[in-house]
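Q: If you want the building blocks of each chain, they are given just below.
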Amino acid sequence: MSIDLKTVKHISKLSRISIDDQKAKKLEKDLNSIFKWIEQLNQLNTDNVDPLTSIAETTLRFRKDQIVSKNIREDVLKNSPKDNKDYFVVPKVVE
Amino acid sequence: MSKDQYLIEKNGNKYEVIIGLEVHAQVLSDSKLFSTSATKFGSEPNTQVSLVDAAFPGMLPVINEFCVRQAVKTGIGLNAKINKKSIFDRKNYFYADLPQGYQISQYKDPIVGEGTVVLDLPSGPKTIGIERLHLEQDAGKSIHDIDPTSTLVDLNRSGVALMEIVSKPDLRSPEEVNLYIKKLRSIMRYLGTCDGNMQEGSLRADVNVSVRKVGSDKLGTRCEIKNVNSIKFMQMAIEYEANRQAELLEEGNAVDQETRLFDTKKNKTRPMRSKEDAHDYRYFPDPDLLPLEFDDQFIENIKKEIPELPDQKKNRFIEKFKLSPYEATILVSDLDTSKFFEKVIEKSDVKLSANWITGELFALLNENNLEIAESPISPENLSKLINLISNGTISGKIAKTIFEIMSKEDKDPNIIVEEKGLKQESDPKALEDLIQKVLNSNEDKVNEYKSGKDKLFGFFVGQVMKESKGKGNPQMINKILKDKLNG
Amino acid sequence: MANLIDLTLSDLVNKVKSKEISSKEITSTYIDRSKQSKKLNAYVEETFDRALKSSEKFDTKPDFKKKLPGIPLAVKDLFCTKNVKTTASSKILENFIPSYESTVTENLWNEGAILIGKLNCDEFAMGSSNETSHFGNVISPIDDNLVPGGSSGGSASALAAKLTPATIGTDTGGSIRQPASFTGIVGLKPTYGSCSRYGIVAFASSLDQAGPMTRDVKDCALMLEVMSSFDPKDSTSINFKRPNYSSNLNINIKGKKIGIPKEYRVDGMTSEIEKLWEKGKNYLKDCGAEIIDISLPHTNYALPAYYIVAPAEASSNLARYDGVKYGFRADGENLIDMYEKTRSQGFGDEVKRRIMIGTYVLSSGYYDAYYLKAQKVRKLIKNDFDNAFNKVDAILTPSTPSSAFKIGDKKDDPVSMYLNDIFTVPVNLAGLPGISIPAGLDKNNYPLGLQIIGKPFDEQGILDIAYSMEEKINFKLKTNDWWIK
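Residue numbers (my numbering), protein chains in the order written: chain A, 1 to 95; chain B, 1 to 487; chain C, 1 to 485.
Same shape as in the complex, but just chain A (with noise of 0.2 angstroms):
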């Protein structure tokens, strides 16, 4: 399966880069040589095998129902690019 121009830039966009043409023909050539090693799982059949899920081989631990992180809007908000003393601020959106 190789990658053409069209799905290099739809990658693109689903991940939120912003890439040129030109970026998007080196990364055209870089995914297809990776994809190419990669399809060489292809060669393995996986049929009867159950995907492993975690490598952790326990279950997930429960926490109480407690209110430990109290009021820390000035910590959350101070490496903020816009700065404003209440809010997160970005460009208008439309919805």
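These are calculated hints, taken from the structure and not from any lab test.
The structure presented is a predicted model; accordingly, all values stated were derived computationally and were not measured.
Misleading hints may appear alongside valid ones.
To be verified - Below 20 angstroms or equal to it, Euclidean Cα-Cα: the simulated DMTMM-like pairs (lysine to aspartate or glutamate) are: (1) B:K108 - A:D50; (2) A:K29 - C:D349; (3) B:K183 - B:E200; (4) B:K397 - B:E371.
As the list claims (entries may be wrong) - Label-pair restraints from in silico Cβ distances: (5) B:E175 - A:D83: 43 to 53 angstroms; (6) C:D409 - A:K23: 15 to 25 angstroms; (7) C:N239 - A:K23: 39 to 49 angstroms; (8) C:F240 - B:K126: 49 to 59 angstroms; (9) A:Q66 - B:R270: 53 to 63 angstroms; (10) B:K126 - A:T7: 39 to 49 angstroms; (11) B:T259 - A:T7: 19 to 29 angstroms; (12) C:K281 - B:E293: 38 to 48 angstroms; (13) C:K472 - A:E74: 22 to 32 angstroms; (14) C:K281 - A:A24: 41 to 51 angstroms; (15) B:E419 - A:K85: 40 to 50 angstroms; (16) B:K168 - A:A24: 17 to 27 angstroms; (17) B:T149 - A:K23: 50 to 60 angstroms; (18) B:N197 - C:K82: 46 to 56 angstroms.
The beta carbon of each residue, even a glycine, is placed where N, CA and C say it ideally should be.
On the provided structure of chain A, position chains B and C as indicated by the hints.
A: Frame of chain A, contents of chains B and C only:
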């Protein structure tokens, strides 16, 4: 097919409307699904945001046991299959109020499987199938109308536990949707798993609508109307959408499968603008979490906490108290109403209590736009009022006067009776004196009556009541009057 | 004390406890040397002043019960450190200052250690040569045109150049063991679930583990003992009884069964590596261990499976870097435009490449063919090890198929770069502990490492084997401080 079936008619062609609902119900819990910050509604923006909720680098989810129990409890309330092993997946998409860039949800293996909800339609009960219930994180809130040039993001809600309850496409009309949402809400409120408060967004739904010509058994292409937060809007959106789709089909066009929004100003649905890249959520099991597993004992322990649910309560009311199915349905439909009723009947006559609650009290609440939890009259005082009627202390008419007074100040009706001297006159001697007085001053009418004008009896009763200032015991007045006039 | 810099961590701890050296002496010595070693580009953030103050504070009221009393340590910049810039060597986090501390580093400070700086690494730990860092590549102290390996390249370089007495890294596919092997030091990746992932910038959640990088095996045991803890804040952290690895260290491995997997004799392995492996077997025999030939039949499939699983998880883990909450943001006309520009300018090429691979393998229509397939292969690889461990106590392999390569050599050929991790990746896929120890030099005098793989949670077992081999190998890292002017 019953004659009151909801159909859309276009050019003489009739269309059936097929509706399925994805209800998002906020789980009642103190802290969030995967973090330890609070879930309280209406707090200052971004004050209930932990490092996990804001997706800081290296932050990890740890599951809240109580939210799991709440989901299982709801599953039991929906007569559903509880899955002892379920998996959390990541649903990947970018949005300003989704800090992780993915929502932790359950995709292939939900915690709850198929179940049912029974609707009480005028034509009889109808069972709506539940496809599944799964746990997931809520997103934050994007605010578009504070700042003219920017969107502001409040993450207080980010990470709050939601139950997504997916129905089968079994609903056929806006009215059924209304009853379905109310029933679901009622069940969850009985269980204490969701407060069902639609104004605060604790209950919202995505509505899937499609239409098909009557007689066809093939499902049409559906549209999903996202995030509708009131029953009224759901009904309007369905009506609009069903008509839109039927028109499209009539014109020979196809319905596009798409996500739409309901514009509450124009009462119309429209395609979402931000859908531009067809969603590809790239679900995969969340590697920060392990499979969620519990044993039968875990489920059994939760079963022990399940209270009597609306349908069971209704049957009990009908069987034990001989209430009509109609009365019983009304009294159990809302948890607070049923609690109020059960409080009142602890000490009062059941039939009278049912009448007073569904009659006078509901009228009063409606008039003042109040929920029963906000009733100006407490169940204890209503019970006392009803007992005053039952033991003959006051007449039904006086009771209404007292009820009126109680609606302004929630006072013990016994005190009101005492203060205002409204106690019913049941002393035969006193009543006899009153009656004699009336008869004496209306000799002509007495003669007319005696010569056969029976209808005048009511006149005498009225006069006696008037003379007693409404306090005379009507049964006794009747009896004594009859004795005197016929004697 | 002229040779303070040559003392091992364990020696330093003893000398602090016996009051022969103060924390300040050690700290200022390491700071001075670090200042003279800028050429290596090992540090991305220095906390020298803060560290000096902390050492003074320690000396005024020393607590000798601590396991790392007043010991200065530099750590990989993938660990979030409270009030100290943490970047994962990415532009997208260039100004990020966490308000919190990772559990692993917290454990270090709780035992008395002092942070002297944050160490360079491949961007988001994606790389095998430390060439993908936004802050430039790291130079190996072994030779000026040599990569230190990656992704914990800054940690390896700093340790080998003696800019820190010990350090910590993270290992997703070999990021501790490969650079350790390239620079002649000891590096251990613990069992998945041993060290908490809380507060470590995530690359691939099901594979990431923090681990120690040290000058010798004893130091490694000591560091692991401090780092490893059960952490309720990490749902994948495992609650098991953690031994006192350093005091339990046992040089006697007589009768231990060591497996030699035939599938690790791969094409392209240099004859020097072959010889080294042979030597390793002989050392083990000398120590009284029994050598057993084993088979790990699915070894060949580990790397391609890894290059599906790791990018898939990474594509999702790195979605949070969107310019909204922290880090770099590029201006955009609207939200989507802002996202696309921020991520395009904020991430480097290798990171973008892996996000794209991951996005592709998870996308609609490809999930089963790639991601699900890889998880099945992963199961087979895990089964291979489970079967092997029915017969042996541990497995001996080379750490890498070759010694360190030259800067720029593999930069434009991703697949040949990925092949570097061929011996380390299966260990991550199976969640096992693995340690790389320096075992010899190639013809250019570049270090070569051997890897010992253990059963889950048997860190003690592989430490013991490494300890006894270390004595026999008697490897001495020689650098002539060429980078110090």
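Q: Determine for every hint whether it applies to the structure shown.
A: The hints, checked one at a time:
Between B:K108 and A:D50 the alpha-carbon distance is near 15 angstroms, which keeps this suggested pair within the 20 angstroms criterion. Between A:K29 and C:D349 the alpha-carbon distance is near 14 angstroms, which keeps this suggested pair within the 20 angstroms criterion. The suggested pairing of B:K183 with B:E200 holds, with an alpha-carbon distance near 19 angstroms, which does not exceed 20 angstroms. A distance of roughly 26 angstroms separates the Cα atoms of B:K397 and B:E371; the hinted pair therefore is violated under the 20 angstroms criterion.
In this structure, B:E175 and A:D83 meet the distance hint of 43 to 53 angstroms, their C-beta atoms being roughly 51 angstroms apart. Distance hint check for C:D409 and A:K23: the Cβ-Cβ separation is about 23 angstroms, which falls inside the suggested range of 15 to 25 angstroms. Between C:N239 and A:K23 the beta carbon distance is about 46 angstroms. The supplied range of 39 to 49 angstroms therefore holds. For C:F240 and B:K126, the Cβ-Cβ distance of about 54 angstroms falls inside the hinted range of 49 to 59 angstroms, so the restraint holds.
At roughly 43 angstroms, the beta carbons of A:Q66 and B:R270 sit outside the given window of 53 to 63 angstroms. Restraint check, B:K126 to A:T7: a C-beta distance of roughly 48 angstroms satisfies the suggested window 39 to 49 angstroms. A beta carbon spacing of about 24 angstroms between B:T259 and A:T7 agrees with the range 19 to 29 angstroms that was offered as a hint. In this structure, C:K281 and B:E293 meet the distance hint of 38 to 48 angstroms, their C-beta atoms being roughly 43 angstroms apart.
Range check, C:K472 to A:E74: about 57 angstroms between beta-carbon atoms, so the 22 to 32 angstroms window is missed. Checking the proposed 41 to 51 angstroms range against C:K281 and A:A24 shows it holds: the Cβ atoms sit about 49 angstroms from each other. A hinted range of 40 to 50 angstroms for the beta carbons of B:E419 and A:K85 is inconsistent with their spacing of about 57 angstroms. Checking the proposed 17 to 27 angstroms range against B:K168 and A:A24 shows it is violated: the Cβ atoms sit about 44 angstroms from each other.
Range check, B:T149 to A:K23: about 31 angstroms between beta-carbon atoms, so the 50 to 60 angstroms window is missed. One distance hint, 46 to 56 angstroms for the beta-carbon pair B:N197 and C:K82, is violated here, with the actual separation near 39 angstroms.
Violated hints, listed in ascending order, are 4, 9, 13, 15, 16, 17 and 18; each of the other numbered hints is respected by the structure.
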